[in-house]
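Under the numbering used here, think of the first position of the sequence shown as 4, with each following residue one higher.
Keep in mind the hints are simulated off the structure, nothing from the lab.
Certain hints may be false.
[As the list claims (entries may be wrong)] In silico BS3-like links for lysine-lysine, alpha-carbon gap of 27 Å or less:
hint, residue 1, residue 2
1, Lys45, Lys34
2, Lys48, Lys11
3, Lys34, Lys63
4, Lys63, Lys11
5, Lys11, Lys49
6, Lys63, Lys45
Everything numeric in this text was worked out from a predicted model, so none of it was measured.
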Amino acid sequence: MSITISEKGEMDLNGTPVTLDNLEEQLRIQKDIFGSKVLIIKADKKTPHGIVVDVMDAAKIVGIDQLAIATDKEEEKKE
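The task is simple: from the sequences and hints, build the whole structure.
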């Protein structure tokens, strides 16, 4: 499973928009569908850290015990 978090805090769980209010419920549903206890968190570097922590906390509550943080490789700056 993967969740993408924009710099504004907008989230997509496996391509479906979610909010902090319904995140736990949606994580439970997706966990039951996929049988996965792994969540990949893809966050923009400008995403507030508090939102990432909220996502990690929600994952823990629903029994997702493996988290991975995915980052984009920074493009080389041209001189």
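Against the structure, the hints:
Proximity of Lys45 to Lys34 is assessed by CA-CA distance (about 18 Å); at most 27 Å being required, the pair is judged to hold. Of the pairs offered as hints, the one joining Lys48 and Lys11 holds, with about 11 Å between alpha carbons and a cut-off of 27 Å not exceeded. Between the alpha carbons of Lys34 and Lys63 the distance comes to roughly 12 Å, so the proposed pair stays at or under 27 Å and holds. Between the alpha carbons of Lys63 and Lys11 the distance comes to roughly 23 Å, so the proposed pair stays at or under 27 Å and holds.
About 8 Å separates the Cα atoms of Lys11 and Lys49, which keeps this hinted pair within 27 Å; it holds. Taken as a hint, the Lys63 and Lys45 pair is honoured in the structure, with Cα atoms around 17 Å apart against an allowance of 27 Å.
Checked against the numbered hints given earlier, the structure satisfies every one of them.
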